[in-house]
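Let the hints inform the model, and build the full structure from the sequences given.
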Amino acid sequence: MEISISMNCPSCGGALSIEEGSRTTSCPYCSSLLAVEGDGGVSKIMFTNNLDRDKAIASAKKWMKGGFKARDLPRKAEITECYPIYVPFWKCSARAAGWVCGWREETRGDGKNSRTERIPMEKMVMRDFNWNQVACDAGDIGIEHLKNLAGKAVLHDEGSIPTFEVTTSPSDSKAMAVESIRRTAVNSAGVPHITFSKVHVFPGEMELIYYPVWMVRYKYSGRMYFATVDGITGGVLSGRAPGDAMWRSVAMTLGMAAGGFGTSLGLGILLNVQDDSSGLGILVILFCLSVAGGAFMFFRHGSEMTTGDVKGGYQFGFRNGGSGVGNEAMADMLKIKVRR
Amino acid sequence: MAEIKCTKCGAPIAFDSGDKFAKCKYCDTQIFIDKSGAGFFYIMPYFIDQANAQGIFKRWTAGSLMARDLEATARIISFKQQYFPVYLFKRDVDGKEKVQVEPARSTTLPGLHSLKVPAGDIKIFDQNYDAGGIELLKPDIDMAAYLPQLPGTAKEQALVFFPLWTIQYEYKGRKYDAVIDGSSGEVFSTDYPTRKAAPYFIIAAIAFIAFLIEGLIGVLLWPVGFACGGALALVTIPVVFIAAYTIVRRF
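Taken in order, these protein sequences are the chains called A and B. This note's numbering numbers the first residue of the first sequence as 1 and each following residue consecutively. This note's numbering numbers the first residue of the second sequence as 341 and each following residue consecutively.
Hints were generated in silico from the structure; no laboratory data involved. This structure is a prediction, so every number in the text was calculated from the model and none was measured. Mixed in with the good hints, there may be bad ones.
[Said to hold, decoys possible] Derived SDA-like pairs (lysine to any residue); straight-line CA-CA distance at most 20 Å:
#: 1; chain 1: A; residue 1: K219; chain 2: B; residue 2: Y386
#: 2; chain 1: A; residue 1: K76; chain 2: B; residue 2: A402
#: 3; chain 1: B; residue 1: K360; chain 2: B; residue 2: K438
Have a look at this one:
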């Protein structure tokens, strides 16, 4: 059972020192250049934590105020714990290049003479994207992707802060990164009906980023809730908070009123007009029904309000569970334009 | 921190679970730690203490899908702190790293079948590590049983003990299980007393129909009906609000 292999220069036998992730090194004694074969060179970056305990708590307290959480939450919440952790994220930058072809519909003319045409589209995509995803099972931390990826790197371990271990594979993540970037790139072309697309993604090296996150746990009527605070920007990344019975009832009442009246208005439009504008009536009805549906979901599940990628509860708008792809270096696009 | 002996001078070198390289303090030798042949023991410390775990359980029982009176009436039978073992295999399959997690113990606990190693600060578990008297569930499935079925070649394999709070509670004469991951605080449960959506749905449907009818009166019998429907709505809104508030509180 071998657990350690000492590294010596193969030509002179001197002791070698290699930074994790590097691919070549030169022997300090005989200066022969050596290639390192190993784990495929993943570079690690650890970001400096910018917040202290008080700032993290202040940020969590500010988050408690908004978003239809329990009205007495800022007053009654009792912070029990607040500590920083380092969470690992895979990061991959890639350039997407290719063509997306298809068509869009356009209606021309006025009133009775209108006709719908298909206009062919052919768009070039040439853009850099970056992608990131948490490198372990996020559990109840509820952070899948980061929005901010800038920070000051530290060279050495900040000793006392617990660092979460990587438990997912870099190759799987790279494949996922390429796939999500390809999808985002195709969508970024803005072609509504795609008939053909060929987009190549050229990924760079995988990077491992250790990102500082503050865990703030608090108690509200005997129950334990939490919020996580971004250790660089100070914003709240995810969290759970109690909901409010009054807001839920208000939302239900107003939602159903909007839904009911709106639907009757839509039906009125449908009955009163004969020709083309029936589409408007249907649109009004659909919109009002979705308002009523949203209000009902808040009424039903609003006893717990959530932020970020945590399970359960109610969250306004769409859940964050995006693809983790962000635009990088819009400048590249501009450069191409200028060259033309 | 675990230790290995320097292959050159024999001095002890401390290293941690994520390290691939270690440097000897005495003779400056850089050592690569080859984990492909060895089986490591890792352990994940608790971030959630007992009071926290109880608070998380209480919060979970108050969820919108759980029975309304679950928070108030669930009687906890047992609240145990246990380390659960899983195998973590890192394999090299055609130059790509694959991670596979398999249970090291047969269990009926919820949430441990779709296994992933939860987020946590993994430490090397050896005789120096003090588990603080917490029960370590012994693996009863041998690592060798999995090895022949795994793809590719070994890169690393480890037994990971991860921290759990296992809770058994009783509600209306029936026993239920729930598990809290002691590192991130996630609650796992496959079977729990559920809340009926019917009261919520009925009041919402009644409110919707009432407003729809009032709206239709307004639209169809314009302009007399509009005033009429509007007046009715002014009465309906507070009634619906009070009904909704009662339902939120009671059901």
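The hints, checked one at a time:
1. For the proposed pair A/K219 and B/Y386, the alpha carbon gap of about 19 Å is at most 20 Å, so the pair holds.
2. Proximity of A/K76 to B/A402 is assessed by CA-CA distance (about 17 Å); at most 20 Å being required, the pair is judged to hold.
3. Between the alpha carbons of B/K360 and B/K438 the distance comes to roughly 17 Å, so the proposed pair stays at or under 20 Å and holds.
Of the numbered hints listed earlier, not one is contradicted by the structure.
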